[in-house]
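As a plain string of letters, each chain reads:
2 protein chains.
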Amino acid sequence: MTTNNSIPNDGPVVALAGGVGGAKLAYGLYQLLGDRLTVVVNTGDDFEHWGLTICPDLDTVTYNLAGINNLEQGWGLADESYRALEQVTRYGGESWFRLGDRDLGTHLVRTQTLKSGATLTEVTFRLKTEVGIRASILPMSDQPVRTLVHTDEGVLAFQDYFVRRRCEPRLIRLEFAGIGAARPSPAVMSALNDAAAVVLCPSNPYLSLDPILHLPGMADKLRGLHAPVVAVSPIVGGLALKGPAAKIMAELGVEVSPVAVARHLTGQIRLDGFVLDQTDAASASDVAALQGVTPLVTDTIMGDHASKMRLAQNVLQFAAALAQTTAAA
Amino acid sequence: MTTNNSIPNDGPVVALAGGVGGAKLAYGLYQLLGDRLTVVVNTGDDFEHWGLTICPDLDTVTYNLAGINNLEQGWGLADESYRALEQVTRYGGESWFRLGDRDLGTHLVRTQTLKSGATLTEVTFRLKTEVGIRASILPMSDQPVRTLVHTDEGVLAFQDYFVRRRCEPRLIRLEFAGIGAARPSPAVMSALNDAAAVVLCPSNPYLSLDPILHLPGMADKLRGLHAPVVAVSPIVGGLALKGPAAKIMAELGVEVSPVAVARHLTGQIRLDGFVLDQTDAASASDVAALQGVTPLVTDTIMGDHASKMRLAQNVLQFAAALAQTTAAA
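Chains as they are written, first to last, in this note's numbering: chain A, 47 to 375; chain B, 47 to 375.
Just chain A, same shape as in the assembly (with noise of 0.2 Å):
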């Protein structure tokens, strides 16, 4: 009890997150965290380009982490040029994933690290080190899963759908290629074991958060922990603050709102807490009326540094909270 009671002081965290909406959460937490953090990120996203294998969301998450991110574009580098980018189009190559240059670094130690037979884990390892980053950042597996979108104009890779054709097609079902042969990577178990609370960020739940769910016995394990696991929802006011989660949901006959979040994460996991915006203080209730679900109203959207930090002691105080009364019942 007194361990879990003092998360915000010195517990381990582990916090799941997908790209820049989770990557904004998992700031605030690193702010307050420092090295006891652990950030478990989708690599269903990933995918192979140019030749060389890029990972946006631990990408996102690393750029974030170390304050390096591009702030106005949201993704990507700060201070970035197109140059490499602007020869393939010149030479009439495909330039709809605009790949920085300064980014092709990242993408080419990554590859080159990979081909030399490193495991993605120990290639994050080594990029997040030497951005100078004490958290852990760590592949949710090192087998590879790709997210792959039915829609209504057949199957997309995950990029083609998301990025070349801008999430426009009616997305039918999601896939997980090779989710059944991935396992959650040894560091993931380890970290999860040592926990004193986990975080669901504000990600995409169907795109960034089910890769990661789904994986072969990381339900389980999350049910068997005893550290609260706590999420925060990525809708707010029945519209998505980032990316397509509300389109996606309204495609999935899935009503567009927090408690339709928290539900489809409790048909998962189980799930102690959960934190809504204020702008759906009304939906708490509905929230509190899931079996074992305790809701946290507050003010979720991170707009800058300050508002990261709030939401990340907030996020952390509720689970030290929540920690204390699953001690004490």
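Certain hints may be false.
One copy or two, it doesn't matter: identical chains are merged, so the pair holds either way.
As the list claims (entries may be wrong) - Computed cross-link-like contacts, EDC-like style, restricted to lysine to aspartate or glutamate with a CA-CA straight-line distance of at most 16 Å:
{"#": "1", "residue 1": "K267", "residue 2": "D240"}
{"#": "2", "residue 1": "K161", "residue 2": "E140"}
{"#": "3", "residue 1": "K288", "residue 2": "E118"}
{"#": "4", "residue 1": "K161", "residue 2": "E118"}
{"#": "5", "residue 1": "K161", "residue 2": "E94"}
{"#": "6", "residue 1": "K161", "residue 2": "E297"}
{"#": "7", "residue 1": "K267", "residue 2": "D350"}
{"#": "8", "residue 1": "K293", "residue 2": "E214"}
{"#": "9", "residue 1": "K288", "residue 2": "D350"}
{"#": "10", "residue 1": "K293", "residue 2": "D198"}
{"#": "11", "residue 1": "K161", "residue 2": "D266"}
Just so you know, these hints were derived from the structure itself, not from any lab.
Dock chain B against the given chain A, drawing on the hints supplied.
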């Protein structure tokens, strides 16, 4: 006889070339011949780096003919930046091979296109066409050949020897790995069939020309042609104008002289003409003493556009004269 006599006006010409020195003469020939020129390029220097397939000699020839080469540096593209490389260096990655951002665009398109199943000949056609080159640029083979340098410090991959180690280890012998299974490409054989003249550019005879000449069937092919075969000496006044040719010849125990280059070539192919610099005018009689070889003494230093054109013009007229002699004989 009419055809051969008119080489400078309307006959097709095949030039064999390696990197920088060869590309300069190829540039001069291109100015005079336009789409009548085919440049057959060494691929023994090709290598895989950062997951990319890099073909330094093909790129040097392409960049030179397109007029987008970096004149100060001698290799790579003009107006280049190194931001991807800076990022690689930041990660502690290998940075000895200085890949520019624009140059990366070439390697990315090539790698992607090769992975999609295209041959190197097809990829090279696409790249040279997109930068507006009317001449044919052909890799010597579609099968990989990799030059290995046996040195007093062990066996080194070519770029390891050439760039990373700056040709410092003492060369013992060269090995062209894969050459037994490689063949001159069909496009190369077809260009040779049509050639009114064959020009061996002033490239390193050991590193750049030998991989082409050692391809199974290539020496026989050249021997069987009616077209004159003319070479230009890369050695001037006992020195190589560019690169390690002189150092290598010394390490192989060969005299560093134009006549030694001519002798090296006549050991492999039929050579009708050999162009040596006016500095080496005294060696012309030694060249003339070689079986079947006619010497031409002229200014072979190519410092600017005009000098590249002038040497190309002299080489073509020389070849035309040799063709007439052969036909008359």
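Here is how each hint holds up against the structure:
no., hint, verdict
1, K267 / D240, "within (12 Å within a copy, 71 Å between copies)"
2, K161 / E140, "between (24 Å within a copy, 14 Å between copies)"
3, K288 / E118, "within (13 Å within a copy, 47 Å between copies)"
4, K161 / E118, "neither (33 Å within a copy, 34 Å between copies)"
5, K161 / E94, "both (13 Å within a copy, 11 Å between copies)"
6, K161 / E297, "neither (39 Å within a copy, 35 Å between copies)"
7, K267 / D350, "neither (34 Å within a copy, 70 Å between copies)"
8, K293 / E214, "within (9 Å within a copy, 61 Å between copies)"
9, K288 / D350, "within (15 Å within a copy, 56 Å between copies)"
10, K293 / D198, "within (14 Å within a copy, 65 Å between copies)"
11, K161 / D266, "neither (33 Å within a copy, 40 Å between copies)"
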